[in-house]
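The residues making up each chain are set out below.
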Amino acid sequence: MQRKGRKAMNMKKRFRSDRVLCYFQTEWKVLLAVTLSGLIYNLGLLAGPWFEGEMAACLIDILNGDRFFSDMLALVLAYVCAIGVVQFSRYIKRFYVRRFANNVNRRMKHILYGSLVQKSRRTLSEEGAGNVMTKAILDVDDCAECMRKFTTEIFDTGVALLAYAAMLLFYDWRLALISMIFPPVSYAIAEKMKGIVQRTGAAFKEQSGVLSAATLDRATNAVTYRVFGCEQERSAAYEENLSAYERSAVRANIWNASLPPIYRIISMAALVFILYFGGRNVLGQGWTAWDIAAFTTFVSCFTRLAVKSSSAAKLFNAVHKAQVSWQRIRPLMYAPETPGTPETGAPASLTVQGLGFAYPGNETLFSQVSFDAKPGQFIGVTGPVACGKSSLGRAFLCEYPYEGCIRLGDRELSEMDERTRLGEIGYLGHDPELFNDTIEHNVLMGDKGDAWKYLRLVCLDEEIKKMPEGIHTLVGNGGVRLSGGQAQRLALARTLCHKKPLLILDDPFSALDRNTERKIFENLKTYAADSVVLLIFHRLYLFPEMEQVIWLKDGQAVMGSHEEVKETVPEYATYK
Amino acid sequence: MRHTNNPNETTSVRQIIPSTLAQHRLLVFCILLSVCGAVLTALVPPLVLGRIIDTLTLGTMPSLFLVLLYFAMLALTGLLESAREGLLTICGQQITHSLRSRLMAKFVRLSAEELNRQEPGAVVSRFVGDVDTVENLFTSGIISMFADACKILSILTLIWFRNKGLALIFLLLLPLLFFFTRHVQKNMLSAQIENRKAVSRASAHVPETLHNIRTIHTLGKERYMEQQYDRYIGDSYRAMERTNFYDAVYSPVILILNAVVVALVMLLSASGNPRALTLFGMSAGTAVAVMNYISQIFSPVESLGMEIQTIQSAVAGIHRIQEFFGLQEKEPSPSTTPDSGAFAESGTMDSCAGTQTPSDAPFVEFRDVTFSYDDDKLVLSHLNLTVESGDQLTLLGRTGVGKSTVFKLLLGLYRPDSGQMLIHGVPADSIPEDARRKLFGYVEQSFHPVPGTVREQITLFDPSISDDAVQKVAELTELADTISRLDLGYDTPCSPELFSQGQWQLLSIARAAASDPELLLLDEITANLDAETEQHVLRALRRVSKNRTVLSISHRTSAEFGRSYSLRS
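Protein chains in written order, with my numbering: chain R, 1 to 576; chain A, 577 to 1145.
Bear in mind the hints are in silico, worked out from the structure with no lab data behind them. Check each hint, because a few of them may be wrong.
To give a feel for the contact side, a few chain A residues facing chain R, derived at Cβ under 8 Å [unchecked claim]:
1. 687
2. 700
3. 729
4. 780
5. 783
Here are the simulated DSS-like pairs of lysine-lysine, each with C-alpha atoms no more than 25 Å apart in a straight line [stated by the list, open to error]:
6. 135/R x 773/A
7. 149/R x 773/A
8. 194/R x 308/R
9. 192/R x 205/R
10. 192/R x 321/R
Every residue, glycine too, gets a C-beta built ideally from N, C-alpha and C.
Work the whole structure out from these sequences, hints included.
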């Protein structure tokens, strides 16, 4: 059954985002621009050496009186134009290759985020999907970067090498073959040395990790070490870390930085043959008859080929790296379309019967909670620390299955379609869960409307008016720029802005003084006159105003009016 | 006292670099040699090539010597560059090593206030990141700048002799080129910074989503969040397009300029105009050599711009390091080392400044101690308190009354504003480090794990604490069984989930008792424990405190040890 489901999903995926080719296909316009300009540029690169040769030859002819200034003028103009076209294509190519990578990056992240935001809280936090997704989003950068490199190198290395090689072969195939032995030799040696370069590089990376950790330890535990008289001894140990770091850094960097010039020397060894046999060609004693122009072109063409060939390795590395990161993110590249904001339900009465709740695999937190409420009624929930009152509030979110029944009107909560249920229930937990955005956006969350109205409801408007940027003040990560009470009220304003038939507020006034608390409570009573409001509290002085009170302790619930509970539960009476 | 000649106390980057270089004269000499050598040898190949072409133009075969010379010079340049890179690496690492050593020496000398004020992450970025920028300043900043400047100058000089006109063109062109390069690089940098900001905003959106997922779901704002994310990515995308533009436009412009200069020179030398010819006239061989040089002169200009950037960011790094070097140090103790040395040897004490003889000096004595932190509020005023050897005393008092401060003075972290804080008649802050651990065992309020094994949690890497001693304190604190049940026993690497909160507290006691100290200091050790664990911890403490002097602080009377002393403000 499960396998079948997975198969169906795979079928669906095949049309979607998990195929690399799709990304290339959707970007075909950009890629076409890249291909055309890349071909012009890389083939046009041959123009440089050719013109240089021709110009030198032309100069000789002019000096000998065989040709005239006008010939040179024409040549020179053609040269500048050719280079202009070539370099313009280069600009187009570079720019569009990067745009391609950007587009891919953006699209992949969009898909991953879409899939992340729809996953349940349970999957994200308990099953670790959150971490996997976060890493995947980082992998996208790698993947897109490697796709960019791959596309770049196909032209810059692949096409350019072929073009240069063809040109060399055209001028003198024998000499070309001789000279083209050397770059592969240097490439082969580089491959051989790659092992040691990577090994020392990895060792260096490890050592720098060790050094950072050691520094962090010294900084974090500085006082402990000082108190225990370990400072000198730890400094000596740190000195050892430094020496180990120095050794590995020198080793890694020497292999890394000093080898490339050596590879270049090996490739360039071919120039001895080129100069010698090329000279014979010019003098008419060689395999092919050359003029000075051909000679110069050949030399400069080969020099460029030698430089390019050193980046051939990059092409293969890029392909390999892109494959690795793509394999990691591929299974996650599936997102159903993100749903919009749900419709808010109509006011309805709430019936709770025999409600019980336990986290999977844990003991029952409470059972047999029953009450009902009409729109406009407030229900207070309280009890000692860790009595399960917050879990009672969360049971309505249906993150986990509950026992008994919760009915809104005549519909059972757990049987509702998820989007419908979201339209019925508003929830505010301990954590204000604010977003690093402006105050206005935090209230409206993309809806249209007047944020001030809700800020007034929670008595936050005056404070915000005093802020230099007012309602456009950024609240910082998690609301750090606000005080605890401000953050709490802002979160409440957000919940009120998205008012639902059933509102669950878990200790919404804990950081407020009594006056403000009372004022907001009064506002709430008028504003939420058509909702059922469940207030979870640990301070009780508002409880006399609740229609009903639920006292939770040791899994048992006592329900009734404030006075009734006060009589049956002596402990309740001691709460303030 | 703060500025001694001890090299370990040098506190300026400007002093440290030259002194490190002075210690490695040969290395510096070799670097200079390879830098200059590479610049000079790089000049030769185009000249040789020019000669070869001129010879060929005349219809004669160039000598094999010339051909080999051409390659030999290319090879020599490569070898010198390779050597330069290697030597620079070595030298750069020497500098970073000594900078980090000095930074650590400074860190040890910091006063307790500064030590508490240092944010660990910031310290790491000072020691690791900022020091690396100094290395860059040296390896890819100043030295390469010098090399590039030499390259430009030498090519200009050579061109001057071959083609005066071209040299003049370059003299006009180079400043313009340089400013263009800087303009592009500056714009690129600002676009990159903008991009980095946008990227970090976009990546922060993911953990934020994970954190706030319940709110997002209950409000049904998945699509809104997705749109927000797209907006953030869009911002970074636009900043990226800007970098891409500059990145893509720079080299084409340079290369077109290169072509224009070549074209101009060719044109003028072919003009036949005698005046132009005096400046631009040249043979075909020279023409090839000149074209070669022209393309060589553009790349150092580009690197020059990058080097300026490296130097700029390194200067910021140096500035931060200098700030660290400027932090307040603990005051040097008035007593001199020989006296404290005696302390270490005998375990008890010859007095140095005190008036009493060791035999009748109390173990701990607060003599009329007055103390306040930097922020002026008086914490202790005229405190007099004596603890004799073998005493067990609990300091009681409300939060903020200065209980912890008493310990800080006792441990020598701070020095009293007036009065004396004496241990065996010696000022507490002049007790040498190696005597401390025999003297004090400090059980902190919460355990501070160090990176390492379970054994190292107890020994704090002190090699003088034997395995037997570790075993013994583990038994005293009832941890021995738990530890022996671990996979690797005492050698198990520590991780937060290895022990429960109570067990960490016990480990803290084991750490304090490991060196068999005379005085045990207990700091609110049962503050965060439940009743059962508290009993467990107290049991272990009683066992450890047997035959020791114990001083504890608590805000509750339940955790009392021996007689009590109430501290009032």
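Quick rundown of the hints versus the structure:
1. 687: Hint violated; residue 687/A Cβ to chain R Cβ min 11 Å, cut 8 Å.
2. 700: 5 Å, holds
3. 729: 22 Å, violated
4. 780: 7 Å, holds
5. 783: 7 Å, holds
6. 135/R x 773/A: Measuring from Cα to Cα gives roughly 19 Å; hence the hint holds.
7. 149/R x 773/A: 24 Å, holds
8. 194/R x 308/R: Holds, at roughly 18 Å.
9. 192/R x 205/R: Holds, at about 21 Å.
10. 192/R x 321/R: Satisfied, since the Cα-Cα distance of roughly 19 Å is no more than 25 Å.
The structure shown violates the earlier hints numbered 1 and 3.
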